[in-house]
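K.L.:
Listed below are the residues making up each chain.
Number of protein chains: 2
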Amino acid sequence: MHRATFTKPDGRELILYGRKALSAAKVEAPSPFPDPLHGNPHLRWHPLLSEWITYAAYRQDRTFLPPPEYNPLAVTLDPTHPTELPAGDWDVAVFDNRFPSLTLRSKQPPELIVPSAPAFGKCEVVVFTQDARSALGALPLDHLELVLEVWADRTEKLGDVAGIDYVLPFENRGAEVGVTLHHPHGQIYAYPVVPPVPARMQQIALEYYEAHRSGVLQDLISKELNGPRMLYRGQHAVAFVPVCARYPYEVWVAPIAPVESFADLSGNQRADLACALKTVLLKFDGLWKRPLPYLMAWYQAPTDGKPHPESHLHAEFYPPYRTPEKLKYLAGTELAAGFFAMDALPEEKARELQQIQVSLDA
Amino acid sequence: MHRATFTKPDGRELILYGRKALSAAKVEAPSPFPDPLHGNPHLRWHPLLSEWITYAAYRQDRTFLPPPEYNPLAVTLDPTHPTELPAGDWDVAVFDNRFPSLTLRSKQPPELIVPSAPAFGKCEVVVFTQDARSALGALPLDHLELVLEVWADRTEKLGDVAGIDYVLPFENRGAEVGVTLHHPHGQIYAYPVVPPVPARMQQIALEYYEAHRSGVLQDLISKELNGPRMLYRGQHAVAFVPVCARYPYEVWVAPIAPVESFADLSGNQRADLACALKTVLLKFDGLWKRPLPYLMAWYQAPTDGKPHPESHLHAEFYPPYRTPEKLKYLAGTELAAGFFAMDALPEEKARELQQIQVSLDA
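Protein chains in written order, with our numbering: chain A, 1339 to 1700; chain B, 1339 to 1700.
Keep in mind that the hints were calculated from the coordinates and are not lab data. Treat each hint with caution, since some may be false.
One copy or two, either will do: identical chains are not told apart, so a pair holds if it fits within one copy or between any two.
[As the list claims (entries may be wrong)] Below, computed lysine-lysine pairings styled on BS3-like, alpha-carbon distance capped at 30 Å:
(1) Lys1445 with Lys1664
(2) Lys1445 with Lys1561
(3) Lys1644 with Lys1664
(4) Lys1445 with Lys1495
(5) Lys1358 with Lys1664
(6) Lys1664 with Lys1627
(7) Lys1644 with Lys1445
(8) Lys1644 with Lys1495
So here's chain A without its partners, still in its complex pose (with noise of 0.2 Å):
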């Protein structure tokens, strides 16, 4: 992996990363916005639910679908239309997003009713490719390699901040889900606590693995493997519809020996984990020959300087799609109570992806 980085005229950072060794020298870092960065987001309690809410108000603002020739993710090819992005010999780009709703510069909010904090945190913009038009899963496997290898490099970099807990990398795929660009890109949000669900999750492992000396993910894995659900299975690495998926197309993703984090992947689980990777996105598009719009979103060690044997990376994928023309609609027993109800059955649906073949040459 190699790496340069740089400052944009407004101040926020820019990070390339290269297969290869990246010839930066003469590469300054555009930006489509001439003024510096305003905006300050907050934090407020919710005392009935005991979690913490961040308002970003400008973010109403944000660049909403434009037409292709305003792509602020290509390249800059006429320096007085600065995109996101210089060109280069770069694969993947990280950068700061301009309407974070969790920023390092947050300052301490009025007094209000209830507790209300800096919105302290980071929110990164990952850029998968130069190229619009491709996907994530179209991407070949060294170069999805390198996409984990950045997971790994951000969450150490944006973990190593004091008063940063989590780092969440992730997905939204399709305007289905909200997606307001179209070129391949992920986001990554650095935390100042461990959010309510990665902290819920991290409890209940922590509870297994006091009592089983063993993962929780681990041992659903072993009994994964040899089930009806497989999607993937490497030498390293697992894709899986799970016994108990809340989306009817949910995938899970996984070394299959615990890693707490990205960074702790050794070189052969990070290629196996990109051949799953790689298997589930091809399949996933294969499934009704278009793109299908997902949730990405990978699970791993809170950076709060603990100890965390009990954590186990793994991606979970959730389409927002029930059939080809219909939705899965969160509303009253999903969102209210919490409460998930399926109209298919995890089998079913492993067994419409298992029918999908795959080349990871491609």
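Add chain B to chain A, keeping to what the hints say.
P.N.:
For chain B alone, kept in the frame of chain A given last:
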């Protein structure tokens, strides 16, 4: 409140409610489904989140946006083409969902690699009015009071069933939240456990109550009462955009004094709660001069037979829009992390709703 109970030809229950006495003698309960109920939903345990998910494979066949002439929630005019409801002088009707995610008849499922269980519980449909073109907010106040009484009646009856620990009345309104039938109706889910979200709310409320000897929502309301986010302030009930809103147009409706459940409302409280509810619904539809979609959920005490002085009956509304054109999508940070990011301030959204004038006499 007047009530008459029937059994449909396929074994499902139907209950008609009226503000005035019902002439139910000659009513026969229809069903559009000639065959008896089938399907056997089951629960699976999610080991990473410690929660149940329910699987009801037959739900994919459910009625989906039929043309108006096939509205199953209209009254039956031609007995050879039965709907779900009989003609008659009823105001509100409740019947068992034909495609339930939870049912009292659920049997023990086969063994899986995670714990499984019968999907014990009940899913009911609440038809708010005979008028397919009306809306909850368009109903006269005494009709809305009847709806509150119906929710009380069903909560008591369902809560009395051994093994039912929580009753959640809710309404999904609008195609944007996945509604398949536009006739004004809501649903009631009776759960075999206290589901994850109410369970967390109960736990937090209990800890607060033990520390302060007052309710967490009660104390929040007392602080909101003179604040900038109030939408309705009556003698017994309020409606407001909460300081910690997670959705741009989120609104809460509650009695001012803590009331554990619908059945504990006094007549005066219920009347004022109907005013608060109608105010919110009319403001929602007045906002952009079109029906605003929303999820409405009513939280109340668990029906586990224990006292719950920490509980405070209230509704939470989650409209899915950020602006007249833009939906609020739940994506990476909300769904995967449980950390909500808002791009609007509750004070701004409250101001918009405050400016909508409504008349409760409508």
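K.L.:
Compare the structure with each hint and give your call.
P.N.:
Structure-based check of each hint:
1. Lys1445 with Lys1664: Close across copies (29 Å), not inside one copy (44 Å); limit 30 Å.
2. Lys1445 with Lys1561: Answer is between: at 24 Å across copies they meet the 30 Å cutoff, but 48 Å inside does not.
3. Lys1644 with Lys1664: Classified as neither: same-chain Cα gap 44 Å, cross-chain 41 Å, threshold 30 Å.
4. Lys1445 with Lys1495: within (22 Å within a copy, 51 Å between copies)
5. Lys1358 with Lys1664: Neither: 43 Å inside a copy, 41 Å across copies.
6. Lys1664 with Lys1627: Cα proximity of lysine 1664 and lysine 1627: in one copy and across copies (16 Å, 28 Å).
7. Lys1644 with Lys1445: within (27 Å within a copy, 45 Å between copies)
8. Lys1644 with Lys1495: within (16 Å within a copy, 49 Å between copies)
In summary, the structure is inconsistent with hints 3 and 5 from the numbered list given earlier, while agreeing with the others.
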